[in-house]
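K.L.:
Model the full assembly from the supplied sequences, consistent with the hints where possible.
Top to bottom, those sequences are chains A and C.
All residue numbers for the first sequence refer to our numbering, where the first residue is 1 and numbers rise by one.
All residue numbers for the second sequence refer to our numbering, where the first residue is 1001 and numbers rise by one.
If you're looking for bench data, these hints aren't it; they were derived computationally from the structure.
Small disclaimer: the values here were computed from a predicted structure and weren't measured.
Worth double-checking, as some hints may not be accurate.
Rough simulated footprint, nothing fancy, chain A against chain C, three-plus residues with beta-carbon under 8 Å [said to hold, decoys possible]:
#1 1018–1027
#2 1055–1063
Using C-beta positions, here's what the derived DEER-type ranges look like [what the hints assert, rightly or not]:
#3 C:1115 x A:209: 35 to 45 Å
#4 A:118 x C:1144: 50 to 60 Å
#5 C:1086 x A:181: 23 to 33 Å
#6 A:176 x C:1149: 40 to 50 Å
For every residue, glycine included, the Cβ atom is placed at its ideal position computed from N, Cα and C.
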Amino acid sequence: MTTERAPAISVRNLSIGYGKRVLLEKASFDVHRGEILVILGGSGSGKSSMMKNLIGLYKPLAGDALIDGQSIVTARGETRAQLQRKLGVMYQSGALFGSLTTLENVRFPLDEFTDMGMAEKNLTARMLLRQVEMGHAEAFMPAELSGGMLKRAGIARAMALGADILMLDEPSAGLDPITAANLDRTILSLRENLGFTFVVVTHELTSIFTIADRAVMLDPRSRSIIADGKPAELRDHSDDPRVRQFFNREPDAITTKVET
Amino acid sequence: MNNAQQHDAQHRSGIETIVLGGRITAQTVAPIWRSALETLSRNPNRPIRVDATTLEHVDSTGLALLFDLQHRQRSPGAEVQIENLAPNLAGLVESWDPADFVQTYRRPASIGIAEQVGRVTAALAADFKEMMAFLGECTAAVLHAVRHRRVVRWGEAIAVATEAGANALPIVLLIGFLMGVIIAFQTALVAREFGAVIFVVNGVGVAMLRELGPLMTAIVFAGRTGAAFAAQIGTQKVNEEVNAIVTFGLDPVRFLVLPRLLAAAIVVPLLVVFANVVGIFGGAMVMLGFDVSFIQYYNQLLTAVGPADLIVGLLKAFVFGVVIAAIGCRRGLSTGAGAAAVGRAATSTVVTSIVWIVVLDGLFAVLISRLNL
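P.N.:
Spelled out as structure tokens, the structure:
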């Protein structure tokens, strides 16, 4: 291992959107190794779209995103697949494969990419499931699981291949407070002990203050990043009223005028 | 990536030692794990030392390896001792409770043939009963709609009719034309032997109007539109849209099924008219090759078929259309959970529809011969 490595993820002047609808213009930030970075912003601010651009599922309008110093935007074929395998991704709905049991879902990447024995793969998958408190549901089909359970199984599957960078899209939305707190603890423990880097899309304030080293806040109106820093500092000392409002969970001021 | 993979068993001070070093990840763990297990099974009665001094990094699979070594059942006095494991990793390995892994899940035992036959029969009977109840609901909805025309979502019905009708025209025209060509050609080859080529026109006319027009159109409609109905409504069911409709106090049959039934009832007879026309035209094209001109063909056709033939065909088409739409909607509404269930609903719609089309066609044949139509 070299001491001086490229940032886990480096976002350079990235513009994202769909066709003519631009969500974000020229955003730049780095995700450092071992960091838990939270991407936040109101609904529709492009958080999930940002994540899908970083994974390489969508093509950005302009700019570049580097994983381990390599561009995922321009990479093609096997290079791209290798880059993507460095990322463990949990999608908003869990995205488990409907035809496989929970255990088989978590074992799936191990089946595909390793030549481990079946007993070893099963043990790994079962440990992963227990890590997200899903051990009891290993034999269930995804259709039999609740939304929160699907998410947790999705996280277990994202971790299975030992990707360095875990991307979680709204991991704690829809979870009960205890499970959400346990999940936060699991995330912190994984970072602490296994050195994962996390990019978490969320707007659960409790979770943000518990886990995040840094928060990047997207704003749909100015189509830009309006905050980048430690969540507690942003809450208390940000110059931007929108940022303080978000962190302090304040409603919009009541106005009779229609906003332009 | 892996500079230190010294995972061979070594003899050191008489105790068997497994050295785990470097980075153990999903990509590298397999051989390490295998050789460690070999070492364990080679020495069933001796204690094993696992030296983790040079272990730099593990991922989930590496943790599983450590856990496996630590908790594997060994005879007394032959325990596995993991040494010099970084405290954070040791703590992590400890965080799993081996008792948690004892209970293994077993799939339910497979059932015998007799029980399978019984279950399938019961399922078929239940399905038939449900289908009848559903047809009843549909009839009620239609009658209600006749009296209260505003309850029908005409916009939706027209959109469905466009998709199921206008957009299906190319395939229906193609199939209809080819049907006309094929039956004309096949029968003309035989009829020529007997000098009865001109009567092929009668055959083509009657066959297209009464049987093949409605039948082929219905089969195309089942495959194209019936399956689409099942998939659309099935997806809405999976996405809980159907639940939303119900909790608004709306009737899913009226809301989702009725527009489709109406669209199908109108569109299938119209498609059959097109199929009939191009089928008969296809027959005429073939008959040119057997020295029957268009004029002769036309005159012969007028003597061979009457309005009754067309009406019987259209009546069939109407019934086929309604039945296919009802089956598609029914299968959609009874979709289970998940993407696979939507696929099953679509498949079963096509299969059930085709069975019903053939059965109904048979019933029509009996009915028509009794009524001398």
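K.L.:
Starting from the hint 35 to 45 Å, judge whether the C-beta atoms of residue 1115 of chain C and residue 209 of chain A obey it.
P.N.:
violated (56 Å)
K.L.:
With a C-beta cutoff of 8 Å, work out whether three or more residues of the segment 1055–1063 of chain C approach chain A closely enough for the coverage to hold.
P.N.:
holds (count 8)
K.L.:
Do the beta carbons of residue 118 of chain A and residue 1144 of chain C sit within 50 to 60 Å of each other?
P.N.:
At roughly 58 Å between Cβ atoms, residue 1144 of chain C and residue 118 of chain A fall inside 50 to 60 Å, so the hint holds.
K.L.:
Would you say the C-beta atoms of residue 1086 of chain C and residue 181 of chain A sit inside 23 to 33 Å of each other?
P.N.:
Holds: the Cβ-Cβ distance is about 26 Å, inside 23 to 33 Å.
K.L.:
Is the distance from the Cβ of residue 176 of chain A to the Cβ of residue 1149 of chain C consistent with 40 to 50 Å?
P.N.:
Given range 40 to 50 Å: holds, Cβ gap about 49 Å.
K.L.:
Are there at least three residues in the segment 1018–1027 of chain C whose beta carbon sits under 8 Å from a beta carbon of chain A?
P.N.:
Per the Cβ count (3), the hint holds.
When held up to the earlier numbered hints, the structure conflicts with hint 3 and nothing else.
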